[in-house]
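**Student:** These are the residues of each chain, in order.
There are 2 protein chains.
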Amino acid sequence: MSSDRILVAQGGGPTAVINQSLVGVALQARRFPGIERVYGARHGVRGIVDEDLCDLGQETTHNLELVAATPSSALGSTRDKPDEAYCREIFKVLKAHAITQFYYIGGNDSSDTVRILSEQARGVGYALRCIHIPKTIDNDLVLNDHTPGYPSAARFVAQAFAGANLDNASLPGVYVAVVMGRHAGFLTAASALARKFPGDGPHLIYLPERAFEMVRFLADVKAVHDRLGRCVIAVSEGVHDAAGKLIASDDGKAVERDAHGNVQLSGSGALAETLCAAIRSRLGIKRVRGDTFGYLQRSFFGCVSEIDQREAREVGEKAVQFAMWGGGEGSVTLRRSGAYGVDYELAPLAAIAGKTRLMDDSFISADATDVTDAFSAYLRPLLGAGMPDAGRLRAPSVAKAAGN
Amino acid sequence: MSSDRILVAQGGGPTAVINQSLVGVALQARRFPGIERVYGARHGVRGIVDEDLCDLGQETTHNLELVAATPSSALGSTRDKPDEAYCREIFKVLKAHAITQFYYIGGNDSSDTVRILSEQARGVGYALRCIHIPKTIDNDLVLNDHTPGYPSAARFVAQAFAGANLDNASLPGVYVAVVMGRHAGFLTAASALARKFPGDGPHLIYLPERAFEMVRFLADVKAVHDRLGRCVIAVSEGVHDAAGKLIASDDGKAVERDAHGNVQLSGSGALAETLCAAIRSRLGIKRVRGDTFGYLQRSFFGCVSEIDQREAREVGEKAVQFAMWGGGEGSVTLRRSGAYGVDYELAPLAAIAGKTRLMDDSFISADATDVTDAFSAYLRPLLGAGMPDAGRLRAPSVAKAAGN
Chain A
4 MSSDRILVAQ GGGPTAVINQ SLVGVALQAR RFPGIERVYG ARHGVRGIVD EDLCDLGQET
64 THNLELVAAT PSSALGSTRD KPDEAYCREI FKVLKAHAIT QFYYIGGNDS SDTVRILSEQ
124 ARGVGYALRC IHIPKTIDND LVLNDHTPGY PSAARFVAQA FAGANLDNAS LPGVYVAVVM
184 GRHAGFLTAA SALARKFPGD GPHLIYLPER AFEMVRFLAD VKAVHDRLGR CVIAVSEGVH
244 DAAGKLIASD DGKAVERDAH GNVQLSGSGA LAETLCAAIR SRLGIKRVRG DTFGYLQRSF
304 FGCVSEIDQR EAREVGEKAV QFAMWGGGEG SVTLRRSGAY GVDYELAPLA AIAGKTRLMD
364 DSFISADATD VTDAFSAYLR PLLGAGMPDA GRLRAPSVAK AAGN
Chain B
4 MSSDRILVAQ GGGPTAVINQ SLVGVALQAR RFPGIERVYG ARHGVRGIVD EDLCDLGQET
64 THNLELVAAT PSSALGSTRD KPDEAYCREI FKVLKAHAIT QFYYIGGNDS SDTVRILSEQ
124 ARGVGYALRC IHIPKTIDND LVLNDHTPGY PSAARFVAQA FAGANLDNAS LPGVYVAVVM
184 GRHAGFLTAA SALARKFPGD GPHLIYLPER AFEMVRFLAD VKAVHDRLGR CVIAVSEGVH
244 DAAGKLIASD DGKAVERDAH GNVQLSGSGA LAETLCAAIR SRLGIKRVRG DTFGYLQRSF
304 FGCVSEIDQR EAREVGEKAV QFAMWGGGEG SVTLRRSGAY GVDYELAPLA AIAGKTRLMD
364 DSFISADATD VTDAFSAYLR PLLGAGMPDA GRLRAPSVAK AAGN
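In the order they appear, the protein sequences are chains A and B. The opening residue of the first sequence carries number 4 in our numbering; numbering runs sequentially from there. The opening residue of the second sequence carries number 4 in our numbering; numbering runs sequentially from there.
Hint data in this document are derived by calculation from the structure and do not stem from the laboratory. Just to be clear, a hint being listed does not mean it is correct.
Below, a list of computed lysine-lysine pairs in the DSSO-like style, where the Cα atoms sit at most 30 Å apart [to be verified]: (1) A/Lys84 to B/Lys225; (2) B/Lys403 to A/Lys98; (3) A/Lys289 to A/Lys225; (4) A/Lys95 to B/Lys403; (5) A/Lys403 to B/Lys84; (6) A/Lys248 to A/Lys358; (7) A/Lys289 to B/Lys358; (8) A/Lys358 to B/Lys289; (9) A/Lys289 to B/Lys248; (10) A/Lys84 to B/Lys403; (11) B/Lys225 to B/Lys248; (12) A/Lys403 to B/Lys98; (13) A/Lys199 to A/Lys225; (14) A/Lys289 to B/Lys84; (15) B/Lys84 to B/Lys95.
If we strip away everything but chain A, and leave its shape as in the complex, we get:
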């Protein structure tokens, strides 16, 4: 019977449930007598190069369950993208510890890292089985119905807009909130699930799948504000004009990029400021407020979908099962089954790696300022139970008596 030593790590931006997947791997591995070691690398592939490994086999089940319920990457993360030399360093460490399987929990960039490692391992004749475990709040992995991490972030966005809508109804004006999502609008689109009553916001939703025109935007805002006396707007941080230029971009300023070439968008309020300034100056509306949800939407501790928790756990478990029973490499993908269940399959790494899924046209309204019912039907079951339910006074007006 072969003896395996497996290594698991986490890459890219954290999510509320990424540790469910880590714990899924660790606990599932305990069920296989053929797995003699379960190591974790701290801070993703960077931790392999630094030989910063820990022995997850020595964790208690109780503590692993506590970690599973904790947001953000318990092993730490990285945005490093390995090149050939980086891979050689990785293999040196993996060989020294006789690692036979590598599990990487991450989004598109991390899936690309897994693909690179797999190809390089084959190239140097190292028998390493590489498995990508999906997670991303952006929900932009191809071949997946959705990705673990997205439902909880979507729930945060929906709950935030449900509150922001009530706040704006109470003190009317224009409210703009900027939501994460570089290329795909799934997270911004989740704001639509905040609505309950007619007239509820968000009244306008701008997604990066459609070109953003400032003139059109201002006309949209004016129309809603004229009609309702207020306007709540959800905007993706990645909105850009028809030529692809980011609305958030600040000409002349140095742009920060990570190793994968992604422009740093979050952690800056530039887009909200730009849009609010335009509404104030061009529409003459006085009360205009802008928020940028920033890191709260991916790391707030206490807003999670139990569907997401369960699925994030399962992709970790399935990864180990696929590797041990199927003997293959690949990326664990999540398929929807009926209304509502899920199935998991192992897809070839090359079919996932570095590719970006965008919102389907059927999810975006014709006027490009809203989502469709099809999108709401798609997202609703993912948000889980116990979504807050707004009440509204129905008290009839009192007849005027003061003679004004």
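Starting from the structure of chain A, add chain B where the hints point.
**Tutor:** Chain B alone, transformed into the frame defined by chain A:
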């Protein structure tokens, strides 16, 4: 037996539990046969002038309970401050509807509105009983142990920093988050309750009760970053230098003020941007991220302290009891009793109105970058049950074997 017609309204910024107080008034009033009408004014005192009233007596109990559990002001709010002419308009409408009692749920500015109305009513010989019901996420009403609305907002801030700390530990760097609080640091101070393990952030907390010096701030950040390789910082939006100049203020730009003379601070990311830019340029730290919690901290739907819910309900109930049985006017105040219960008293309006409570010196650390244990002991019981509990991997490191 006298017959009363009462009017209730909500003023200032909404909170997560302000409708508990509204419903407390409405349901308590149903227990008094002497109260023949319970009206609500839409959008605070503005709704009285506009004679925009509704009949809360026609609400079902079920719907009122649903509204109570909904954040933000169900009746709508205003920041109007009545002058003499405004009061005359108010009295004209109140008299037309034979209103004998006015209940206003709000913070310092609203308490000042109640005081003005009460004085003006006496001046014109109108027998109107005026009651102020406290709410403010700023927690800055004098004579109160704390104010309804604060515990839930504090809980949001603590949960946000608990997540932000984990996010920052996963992808190290400097993280700055700006928290609401113009003059009082209570809400920013709540970030301290996010900590569980040694080394957890926030590592630095800046309150408006202490002068903010940029040079000192940068030295603080450098010291933490040198020691931990990361730094999580909580900053009040109201921080200012020794001369009282706001750090967030943008010289040369028009400043927006409300009728009470308050400068508009929220809905702008200026302070976070300023601090992040200084850290990047002067300390040379690469990964620096800034968030401004903005309206989420007061309106997020689904983060509430059940202690806060209960107390917000009680101040509404007590207001009616004080007015009906005590026959007095005043502001309902909340006193702490033991560990942990509360009592309510009716204080004179002039003792509360327009006054601002700041954090006691005993709540602020000597180096002015943290809170004390006394503050944590003060806040802990207010946050309620079910605060999230972070887990952390305890897996031992694997001995190095790669010979690097």
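**Student:** For each hint, tell me whether it holds in the structure or not.
**Tutor:** Against the structure, the hints come out as follows:
no.: 1; hint: A/Lys84 to B/Lys225; in the structure: 28 Å, holds
no.: 2; hint: B/Lys403 to A/Lys98; in the structure: 12 Å, holds
no.: 3; hint: A/Lys289 to A/Lys225; in the structure: 13 Å, holds
no.: 4; hint: A/Lys95 to B/Lys403; in the structure: 12 Å, holds
no.: 5; hint: A/Lys403 to B/Lys84; in the structure: 23 Å, holds
no.: 6; hint: A/Lys248 to A/Lys358; in the structure: 21 Å, holds
no.: 7; hint: A/Lys289 to B/Lys358; in the structure: 28 Å, holds
no.: 8; hint: A/Lys358 to B/Lys289; in the structure: 28 Å, holds
no.: 9; hint: A/Lys289 to B/Lys248; in the structure: 24 Å, holds
no.: 10; hint: A/Lys84 to B/Lys403; in the structure: 23 Å, holds
no.: 11; hint: B/Lys225 to B/Lys248; in the structure: 24 Å, holds
no.: 12; hint: A/Lys403 to B/Lys98; in the structure: 12 Å, holds
no.: 13; hint: A/Lys199 to A/Lys225; in the structure: 23 Å, holds
no.: 14; hint: A/Lys289 to B/Lys84; in the structure: 18 Å, holds
no.: 15; hint: B/Lys84 to B/Lys95; in the structure: 17 Å, holds
The structure shown violates none of the earlier numbered hints.
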